[in-house]
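Undergrad: Listed here are the chains, written in short residue letters.
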Amino acid sequence: MSDRSKLTFWLLLAPLLIWLLTLIILPHVGMFLVSLREKVGVREYETGFANYAVFFNEPLYWNTFARTAYMSIAATLLTLLIGFPIAYYIAKLTRGRSKTTLFLMCLIPFWVSELVRTFGWMILLRETGVFSNLLQYVGLASGPVEMLYNDAAIMTGLVYTSMLFMVVPLVTTLDSLDDSLIEAGYDLGASGFAILREIVIPHAMPGIVSGCIVVFMLSLGNYLTPILLGGKDSLWFTGLIYSQFITRFNWELGSAFGFLLLGLSSLIVFVGLKLSRQSLGKTMAQ
Amino acid sequence: MSETPDLECRDISKSFDDFKAVNDVSFSVPQGTFFSILGPSGCGKTTLLRMIAGFQEPSSGDLLIKGKSVLDVPPNKRPVSMVFQHLALFPMMNIGANVGFGLRQRGVNKTDITKQVERVLERVGLGGVAERPVSSLSGGQKQRVAIARCMVLEPDVLLLDEPLGALDLKLREHMKIELKQLQSEFNTTFVYITHDQSEALVMSDQIAVMNQGVFEQVGTAKELYYEPDTAFVAGFVGEANRFTAKVKGSAGGSVEMVTSDGQTLHGLDARRSLSVGDSVDIFVRPEAVRLSRNQADVAAMGNTGQGKVANILFNGANSQLILRDQTTGAELNVALPQTGEFRDLARDDVIHFGWEQQQTRVYLADGEQTDV
Amino acid sequence: MNTKLILSTVAAMTLSSVAAQADTLRLLTWGGYAPEDVIAKFEAETGHTVEVTKSNNEEMIAKLRATNGGGFDLAQPSQDRIAGPQAEFGIYKPLDMSKIDTSLFIPSMLEATKGNTTVDGEVYAVPHVWGTSGLVVNTAQAGDVKDYTDLCNDSVAGKVSYRLKRPTLIGFAYSMGLDPFAAYGDEAAYKDILDQVEAKLVECKSNVKTYWDGGDELKNLLRSGEVVASMAWDTGGWQLNDDNADITFVAPESGALGWIDTFALPARGRSDDVAYAWINFVMQPEVAAMITSAAGNFTASQGGDANVDDALKAKYQASFPQEAIDNIKWYPSVPAGLEALEGAALDRINAAN
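Protein chains in written order, with this note's numbering: chain G, 1 to 286; chain Y, 1001 to 1372; chain H, 2001 to 2353.
Take the hints with a grain of salt, since some may be wrong.
Simulated pairs of lysine to any residue, SDA-like, Cα-Cα distance not exceeding 20 angstroms [to be verified]:
#1 H/K2063 with G/G30
#2 Y/K1077 with G/S191
#3 H/K2200 with G/L60
#4 H/K2054 with G/F245
#5 Y/K1180 with Y/P1030
#6 G/K39 with H/G2084
#7 G/K39 with H/N2153
#8 H/K2191 with G/L60
#9 H/K2205 with G/S191
#10 G/K39 with H/A2340
#11 H/K2063 with G/I246
#12 H/K2063 with G/V34
Note that these hints are calculated values from the structure, not bench results.
Just chain G, with the same shape it has in the complex (with noise of 0.2 angstroms):
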């Protein structure tokens, strides 16, 4: 490499690693060594792992932090399970203009607000609002019906707020899938439901990895949905690091949990490569 190029490329580099350094590298290494802070009294501390060992020995946070991923996980799949029949029907059965304009009905949710959006869940599902009316109007109720503040609330409202991110990248890998393919398959005798788990699904794997990692990630660190949807029972991790950042004015705990949360949620996606028997670089590439 010449000297010339040499320098082009580092001033391209640039952006990337300055990025990297100041507002990813810096921040994280702040927040670990302020993980690393026990308090032991007023404006005294020493440095340990303490606020680690309070994650595992209080039952109360580890708990809140599985039901958070095991909620997350159910999120996930439901997402895969309802964008994959929508992105399909994008990507292989409309064409051009009716094409463009689904895609882009699935991206108006997103031209406002994450907090619009769950208002908007809050008045369809709650005890006076759009779906108690009608069920009694319809009949079907005797009474109004309360459907907000519970856990299939929250679940609604993660995979409203996830559906894109699973759906784009289904449809552009559906969308590199041959029709061809497909037709082979029935042409060779094979029934729908062999096409879709022998070549569709194994064609769409990149993407269906990608979308759930991008939808379980999204759900495990999302902290509106939950507080607002769940009431009483929201009982989220990432509310957890808020209440010990805001109210409780305990950062050391809060940036132990938040490290936790960083090492657990990438476990768990390391499992769920694993299990799929995908690798993270085959899933970027596509």
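Dock chains Y and H against chain G, hints included.
TA: The following block gives chains Y and H in isolation, referenced to the frame of chain G:
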């Protein structure tokens, strides 16, 4: 069972909105025939093939395989298999799994599948590759795997959708011969669609020339070449000089015509359907034209003239001359005989030419076509 | 060398932005405490500009802690939340009382606030707006709710709300006959009280529709009738009373909880003089009345209630007969570290099923 054709189409049609892609096509293909459907792109041949495979439903008409209507049979149950234009090998499976795919769907047990797959791969000359990924194959090998994948199911009819289109020229020439050999080896009925006349002419037992949704002519390669029924077939199959002219006189099956350039040509009116004043299309094959440095050699032919060499298109055995008629200025393509006689021919040389009356194919022009 | 360059650039940018904001008051406050008309009047009279950031107690402390007391020139935390965070994080600076016109304040309130916010002999805050929290009740449907523990009655099952924050713990403790404020100095005793309250709130959880988080959320719940009784601020109840005469603020039998929001100077504020000017400006009786009508709460301004409209006064008197006023429990300053205990209790209540 030779009386029952493997495949029979009866008045089959397919309409899209107000466009008729296939219009009342009827034909039958006897067992073991290599049947080609030849036509330009957009002629409806792909639609026809997809109807046979079951991917599209005919608007009207009936489709029989081994004498039984298959209109209500979905594509995954039809006893036909298809080799796709881009082969459609499954990239997510290895070669063995690709070939064994159809057997797996039938619920054949694993050991039998492995055996049958290996046998069919050997038949196409690819023994021992079952464990390799599809991407490790060359274009021609992929072709053979695609055929093996269909043949292992022993279909009544194998459909091929321009499978040679993606190959380079040299390989394509080679595969033509190989396909024909495979077909006779398996003794399976092949229905092959293509827009490439040389593919059709070389491989086929029967060729249907298709244009604008209808079959213009069905016949052997020779019939199509020497006795085209319609102006379209004459123009599409093989090369030809094309003239438009008006009938000036007609006597005893022989017609005299004048081209728009003022050249007078003579031909045969085989059907005796032409009358004076009709507009006609005239086709003359380049190899039907005889060249000579002596006027006497060609004088006895029905059509004669003197031309100046405008260009020599040298292509070995397929070399051509472009002559400009001395009197009218009309251009004429002539095959250059490779006997050595004309090796020293150069541009601007003047030479005599002529062809027999019966080599002039005459057809009523499109606009005035009557039922012939 | 590169880091040096970056650092000096950052420093230069920081300095220039500070210089440009010399005459700007960056105010960290609650919604309603700095209404548009008051800001306009202040800007017209002094030539300074005011930038308002709306927040709440916890966020104010968190924001100031994140910047070591920078980013704002004047903050308005509650008087009980100053001494503890100051001792812990040092996010405020002492007030120069000579720059404040103390004659504008109600003397008893000023003295009480000064007393609660004195750390190491320095005064850190003066009072601004005060009010109480208690119960907001739809009297037609939940007439029997007279105290915090009544929220756990079967008659209002599923139609109750409160915040999952420390006022709820304190209110329930009083309602259960305990005295949490007296136990502030004794961690073991306070822990004992918290355990009892936690048990009660876990038991009561099935009665709760949802824990509310913001004022608008609560108003929606009450207005729609989905919730008929809730813990809330007095002003919230009075505002709802305008829409529905059945809904009003009720001072609980065990006593409403009294709070005072203050003025405090962030440790690294840059425009102290403008901050003092703002304090002296808004404590004038006529300006104080403007704030009362916007926020709904009364101020510590001497004579500030004179100009307040009669409707608000009437609601205030209906909710607070004399004995209820005498019974108000004013928050004493929260000792440092106590909030960690409360936090753990609140987390467990939140996690309970």
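Undergrad: The structure should be examined with respect to each hint, and the outcome stated for every one.
TA: Status of each hint after checking the structure:
| no. | hint | result |
| --- | --- | --- |
| 1 | H/K2063 with G/G30 | holds, 17 angstroms |
| 2 | Y/K1077 with G/S191 | holds, 9 angstroms |
| 3 | H/K2200 with G/L60 | holds, 18 angstroms |
| 4 | H/K2054 with G/F245 | holds, 18 angstroms |
| 5 | Y/K1180 with Y/P1030 | holds, 16 angstroms |
| 6 | G/K39 with H/G2084 | holds, 15 angstroms |
| 7 | G/K39 with H/N2153 | violated, 41 angstroms |
| 8 | H/K2191 with G/L60 | holds, 18 angstroms |
| 9 | H/K2205 with G/S191 | violated, 52 angstroms |
| 10 | G/K39 with H/A2340 | holds, 11 angstroms |
| 11 | H/K2063 with G/I246 | holds, 9 angstroms |
| 12 | H/K2063 with G/V34 | holds, 16 angstroms |
Going through the hint list in order, the structure does not satisfy hints 7 and 9.
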